[in-house]
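Participant: Using the sequences and the hints given, assemble the complete structure.
2 protein chains.
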Amino acid sequence: MRWRKEEITMSKQVKLSQEEGYTYVDGGVCAAKGFVANGLNCGLNSDPGKNDLGLLYSAQPCDVAAVYTTNKVKGAPILVCKEHLAKNGNQARAVIMNSKNANTCNADGVEKAKEMCRLAAGQLKLQENEVLVASTGVIGQVLPIEPIRAHVEQLAAGLSKDGHAKAENAIMTTDTVPKELAVSFEIDGKICTLGGMAKGSGMIHPNMATTLNFITTDCAIDASLLQKALSEVVRVTYNCLSVDGDTSTNDTVLVMANGEAQNAKITKEDENYRVLYRALYIVMRNLTRMLAKDGEGATKLLECKLSGAPDQNCAITVAKSVIGSNLFKCAIFGEDANWGRVLCAIGYADASFDIEKVDVSLGSAKGCIAVCQSGAGVPFSEEEAKVILSEDEICVYVDLHQGEATAESYGCDLTYEYVKINGDYRS
Amino acid sequence: MRWRKEEITMSKQVKLSQEEGYTYVDGGVCAAKGFVANGLNCGLNSDPGKNDLGLLYSAQPCDVAAVYTTNKVKGAPILVCKEHLAKNGNQARAVIMNSKNANTCNADGVEKAKEMCRLAAGQLKLQENEVLVASTGVIGQVLPIEPIRAHVEQLAAGLSKDGHAKAENAIMTTDTVPKELAVSFEIDGKICTLGGMAKGSGMIHPNMATTLNFITTDCAIDASLLQKALSEVVRVTYNCLSVDGDTSTNDTVLVMANGEAQNAKITKEDENYRVLYRALYIVMRNLTRMLAKDGEGATKLLECKLSGAPDQNCAITVAKSVIGSNLFKCAIFGEDANWGRVLCAIGYADASFDIEKVDVSLGSAKGCIAVCQSGAGVPFSEEEAKVILSEDEICVYVDLHQGEATAESYGCDLTYEYVKINGDYRS
Chain S
0 MRWRKEEITM SKQVKLSQEE GYTYVDGGVC AAKGFVANGL NCGLNSDPGK NDLGLLYSAQ
60 PCDVAAVYTT NKVKGAPILV CKEHLAKNGN QARAVIMNSK NANTCNADGV EKAKEMCRLA
120 AGQLKLQENE VLVASTGVIG QVLPIEPIRA HVEQLAAGLS KDGHAKAENA IMTTDTVPKE
180 LAVSFEIDGK ICTLGGMAKG SGMIHPNMAT TLNFITTDCA IDASLLQKAL SEVVRVTYNC
240 LSVDGDTSTN DTVLVMANGE AQNAKITKED ENYRVLYRAL YIVMRNLTRM LAKDGEGATK
300 LLECKLSGAP DQNCAITVAK SVIGSNLFKC AIFGEDANWG RVLCAIGYAD ASFDIEKVDV
360 SLGSAKGCIA VCQSGAGVPF SEEEAKVILS EDEICVYVDL HQGEATAESY GCDLTYEYVK
420 INGDYRS
Chain X
0 MRWRKEEITM SKQVKLSQEE GYTYVDGGVC AAKGFVANGL NCGLNSDPGK NDLGLLYSAQ
60 PCDVAAVYTT NKVKGAPILV CKEHLAKNGN QARAVIMNSK NANTCNADGV EKAKEMCRLA
120 AGQLKLQENE VLVASTGVIG QVLPIEPIRA HVEQLAAGLS KDGHAKAENA IMTTDTVPKE
180 LAVSFEIDGK ICTLGGMAKG SGMIHPNMAT TLNFITTDCA IDASLLQKAL SEVVRVTYNC
240 LSVDGDTSTN DTVLVMANGE AQNAKITKED ENYRVLYRAL YIVMRNLTRM LAKDGEGATK
300 LLECKLSGAP DQNCAITVAK SVIGSNLFKC AIFGEDANWG RVLCAIGYAD ASFDIEKVDV
360 SLGSAKGCIA VCQSGAGVPF SEEEAKVILS EDEICVYVDL HQGEATAESY GCDLTYEYVK
420 INGDYRS
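Top to bottom, those sequences are chains S and X.
Numbering that gives the first Met the number 0 applies: residue 0 is where the first sequence begins, and numbers increase by one.
Numbering that gives the first Met the number 0 applies: residue 0 is where the second sequence begins, and numbers increase by one.
Taking lysine-lysine and the PhoX-like style, the derived pairs with C-alpha atoms no more than 25 Å apart in a straight line are:
#1 S/K385 to X/K419
#2 X/K113 to S/K356
#3 X/K419 to S/K11
#4 X/K81 to S/K356
#5 S/K304 to X/K71
#6 X/K71 to S/K356
#7 X/K11 to S/K419
#8 S/K160 to S/K189
Just so you know, these hints were derived from the structure itself, not from any lab.
Facilitator: In structure tokens:
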């Protein structure tokens, strides 16, 4: 049984920073006006206390932006999402989703994914093309469609404003805590809301996307501008996240905008666009941090704040190399200030820069300590380092001292528990 | 204490296949005529039963070929090797080596590495430039030179034909078994020998080199041809090895040829060259397998035999992606035939090919079972898979069915023990 309620603790929750003009609100994907959701156990998962089938629905048609995995192996649901969005002018009304089975590498995958859309469309009085689909779980096992068919009426009948947590529960796999977040903000004197939910927690090394992520907003915005915002924000949030270096086959991020906030539709990159863009960044960055902190087996969130890079590609590449190092991840699990491994990971990053200018510090809520200057070690107090690393959110500050570009990356420690979880995932 | 004698078991030894014309012989780096070695504990390692200082010496000048890490952070010993080989026409007579401290990221690193060469040269009546140097261990801690100075006379005085195992012991870090191998073969009616030793066992993801490796031969060969052979063989052996995805800062492979077998010097790519080339391949491939099987915390050797690729770059890239997947490595530890993770890792490999033609089988000494054909799962017996995966040498066969190129890659499972070892490496 992958769902481990007993392990849910506050320490898995990330610490959120406040930002002027944006207020955190409850409700996840149902926080924005006009969105309802539901989730239930249909029997794909043998634990009746764990949902495995979810539905998200908008009272109005939504403009949709999407990014998907770059893995050559793509889950059948991704192929169907692409087809439906293309046929329907990048609009949709609903998403049906399941966990326990990724519906990937199966000969009948596309047929089953379309059947899921048809089943939902039938209940919601929609066209099949207005429904999107997402699956997560084991790769290469045929998806049983009967349990879904048998429960879709109940699923649709139970759609509600309170259903966001049930839907989130339906997409969770090895996650130990739900990942939901929403913010409200003002555009044109109208209160807008943007909220999202995500599932982790292994096979995470996004490349143009991450795992399953659904974001909803009642803000009115042109679909192509929404796509531009999503693609840019993904690059500095989900794409800077790594739990284990494995890029999933089913990564999907969908953003749905239904316009129910009644603001004048955003059609150019003006101040209103920037306000919405920032809301998307706040939600996606913090969902990214939640995914990292709840990485499979993780006991600590590991962030790298990189500065002084010659350009942003270099900044992102080096920052990702640091949080991707298995050796450094193990050292952080052991609360060992083994900064040589940070420098080693900086050194093998595929980017051009002078290693002899690099400074490294380690920090947390307990303080910050310099461990390396100009590429060489500096004396530091091991006791002080131990105190800093005993926290559950650790930050590595790297300054390349050769430019103005910055980046952040998000990861976690590598633990016994990761190995245990993944030694026998299919059972 | 990193040296765990009690864990040395036969299961960590790889199974060697025989090849006509080549005979395995004892003696490691001392198997070839004219080479002697020694190793002792000088006090860098607090365990007096573990050597930390080694010396390799040739009675005659050697032609030398070398490859080093591509990490931007390079250990000071690498800089000194390059300088000495350049000044001495790619010739050398001796190598001094230590473990416990990598002499990397230290302001005085080059000075200390040169001092090690000077100390050995003084004892051996050589020029400083005739001595090479290699270090492995913790990065970023100043190397104490006094223990080395105090023991170098004893080290040189004890050089002998039997000293190969002592020298190998001196470079081992988290290794649990020694890695030595030698073969004899005939060129021009002369018996030639080529032998080597290597140390693992973490921070292994070679790029043009691997960890520390010393290979000696009494075969006479032009230095530039030796370099050509080394560079080609490295590409398909050490460069196809990954334990944890971390490229070390101190990776060095040295091949020393002293000509004492009295064969006519190999100066062109003739049949004699091919015989030597094959000997180098046999030794380096099996040292690679030994490094993989004794990867930090490993319980199983994991090999990928890839065929049907459109070109060799594609073959190598895909084969390395499979054995580099943390998720698949965990599944192998759990003896779980989770082939979806193999296909996932094939899919995110950075190469161009059609995923829908791919076949995957899992094999060991207990048999072989097809799990995926044309990119989709096929029914197989889980019991049979369990029996196959219970072995300690596992092979994943991948056929891309879109060309003639092949490759092999070498790795190991990811275990609790890896995390334990690396959670607190510095103490």
